[in-house]
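Engineer: Residue strings, one per chain:
2 protein chains.
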Amino acid sequence: MNFSEQYELYHAHFEEYLQNRCAGMAFKPDILTESMRYSLLSGGKRVRPVLFFASLEAFGQAYRGEEALAFAIECIHTYSLIHDDLPAMDNDDFRRGKPSSHKAFGEANAILAGDALLSYAFDIALGECMRGERYIRAAQALSAAAGAAGMVAGQSLDLLCTGKGGGERELLQLWRDKTGRLIAAPVVMAALLAGKYADEAEQFGLALGTLFQITDDILDAVGSRNTLGKSVGKDAREQKLTAVSVYGLEGAEKQADRYACKCKELLHTMAGADIAFLEKLVEYVRRRDR
Amino acid sequence: MNFSEQYELYHAHFEEYLQNRCAGMAFKPDILTESMRYSLLSGGKRVRPVLFFASLEAFGQAYRGEEALAFAIECIHTYSLIHDDLPAMDNDDFRRGKPSSHKAFGEANAILAGDALLSYAFDIALGECMRGERYIRAAQALSAAAGAAGMVAGQSLDLLCTGKGGGERELLQLWRDKTGRLIAAPVVMAALLAGKYADEAEQFGLALGTLFQITDDILDAVGSRNTLGKSVGKDAREQKLTAVSVYGLEGAEKQADRYACKCKELLHTMAGADIAFLEKLVEYVRRRDR
Chain A
4 MNFSEQYELY HAHFEEYLQN RCAGMAFKPD ILTESMRYSL LSGGKRVRPV LFFASLEAFG
64 QAYRGEEALA FAIECIHTYS LIHDDLPAMD NDDFRRGKPS SHKAFGEANA ILAGDALLSY
124 AFDIALGECM RGERYIRAAQ ALSAAAGAAG MVAGQSLDLL CTGKGGGERE LLQLWRDKTG
184 RLIAAPVVMA ALLAGKYADE AEQFGLALGT LFQITDDILD AVGSRNTLGK SVGKDAREQK
244 LTAVSVYGLE GAEKQADRYA CKCKELLHTM AGADIAFLEK LVEYVRRRDR
Chain B
4 MNFSEQYELY HAHFEEYLQN RCAGMAFKPD ILTESMRYSL LSGGKRVRPV LFFASLEAFG
64 QAYRGEEALA FAIECIHTYS LIHDDLPAMD NDDFRRGKPS SHKAFGEANA ILAGDALLSY
124 AFDIALGECM RGERYIRAAQ ALSAAAGAAG MVAGQSLDLL CTGKGGGERE LLQLWRDKTG
184 RLIAAPVVMA ALLAGKYADE AEQFGLALGT LFQITDDILD AVGSRNTLGK SVGKDAREQK
244 LTAVSVYGLE GAEKQADRYA CKCKELLHTM AGADIAFLEK LVEYVRRRDR
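Line by line, the protein sequences give chains A and B.
Everything in the first sequence is counted per our numbering, starting at 4 for the first residue and increasing by one.
Everything in the second sequence is counted per our numbering, starting at 4 for the first residue and increasing by one.
Don't take every hint at face value.
When chains are identical, the list treats them as one kind, so a pair holds in a single copy or across two.
[As the list claims (entries may be wrong)] Using 30 Å as the maximum straight-line C-alpha spacing, the simulated DSS-like pairs for lysine-lysine come out as follows: (1) K31 / K167; (2) K243 / K31; (3) K48 / K283; (4) K31 / K265; (5) K106 / K167.
Bear in mind the hints are in silico, worked out from the structure with no lab data behind them.
Okay, chain A solo, but in the shape it has when bound (with noise of 0.2 Å):
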């Protein structure tokens, strides 16, 4: 099996229970339904939820069986993209090709759905926990990333470096809480599940988040809205922190290979894990969407 036919493996099986999780929801009133589903279903390539069945398999463990976990993480994921598109936050109009929750929804709807996706990929979690010690750390693991320490910090960061400069510290700071732990964090479950390489994982993640986030910085000032499905050029606009602010294109298409190869070098410290498909996906977060 190649790269993409793996890849596809694990997409729609994360996919077929996805459709499954929202077609069983029936939260009231069914608003909040409509609006948690309707971003949960908005399509995407599901990094996360791959890069976790991906490093189970390649910490010898089976993925089948842990997609409550896949979907907490893409809960959380789910969440921040909502309140990211608030219009107090990045006020953008569009994601993933489709008009965003606040858009759809109203305001007052889409910061419910974000708080709503939020304590329901703990809920997942938590349900999670009475399968042992190693489900309990790895919902602790997602908790941590997603919280004031990880993601929510970087979203206070990128606020206050917005329109006020910044340089390359605040910028491996906003990589790495802002889009790095999140990313980290699939990982980082997988080895804690597996009971080995937690910190290999961690290390491994956050760069590989930090090579994500600096692509989409590229794909942000050259990218169209057609290829990326939401609005592009705002950074710029917006005199956000970015790759490309900081170090130029150029210099920024610099970083991401650095990155890449910082991603494989770390994957080898693994000694014993099946890494090739990680190492393929290293390449496919580079060149994605070009």
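Chain B: place on chain A using the hints.
Structural biologist: For chain B alone, kept in the frame of chain A given last:
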């Protein structure tokens, strides 16, 4: 010890723990920690933590050593107030006599402070899960009460009914979800930790939550900003669905009396529990701020 002294004992114990936790917070950027602290430390009667401690003692458990879960509950309550006050939601400029979070820190930072507190609550609850299955169940109860099957559903219904009327049926649902679930949570969590009274605790907690919301509705109609520390008379102006809008002021007072009686009856179903303080707490909620 009389009721007030006992309340003050629980209150002071929680407040000391809270102050220490807040002093130890060092999330970056600083504004994130400041905004979380600002709302956590803005006073309030700490009804939920007091109810948690009192329920533990009523059910034969020590409350010392269980401060973390009390703090997690208060974090969720605090996040809900921050998001509830946002311009897109209830648009309240004052909370507990101080500018609300979005007035003090701006809207984007207020959204993030709420997101951070919600994540933090689960971080703390997950930190207790290693203590055993009872703690996992208690954390699950908190999560269920906070999320799309609980408080967030109540907020969503509140939005839906505002300006559009609604009758007794919607009001009962609103009482239960918007307020009841998170007032019931500490009682249910205490019962789960004690390993008894779980069903009775939920019934009592939901009735107490309803009583709490009815008195809130009455206070909004008759109170003044000075005693309440927040904007008043807003419910009527904004055509909120409340006990007063459905039953009138006199009818709402009767409903409050009815629920206060119901609370006490439900307390007596818990054979062997030491309900003396909780009975007086019912009276305290019935008469608060009058």
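Engineer: Within a copy, between copies, both or neither: which one fits K106 and K167 at a CA-CA cutoff of 30 Å?
Structural biologist: Close inside one copy (28 Å) and across copies (21 Å); limit 30 Å.
Engineer: At most 30 Å between C-alpha atoms: does K48 with K283 qualify within a copy, between copies, both, or neither?
Structural biologist: within (15 Å within a copy, 56 Å between copies)
Engineer: For K31 and K167, with the copy left unspecified, which applies at a CA distance of at most 30 Å: within, between, both, or neither?
Structural biologist: between (42 Å within a copy, 17 Å between copies)
Engineer: Within, between, both or neither: how does the pair K31, K265 come out at a Cα-Cα threshold of 30 Å?
Structural biologist: between (47 Å within a copy, 26 Å between copies)
Engineer: For K243 vs K31, is the C-alpha pair at or below 30 Å within one copy, between two copies, both, or neither?
Structural biologist: Close across copies (18 Å), not inside one copy (38 Å); limit 30 Å.
When held up to the earlier numbered hints, the structure conflicts with none and fits them all.
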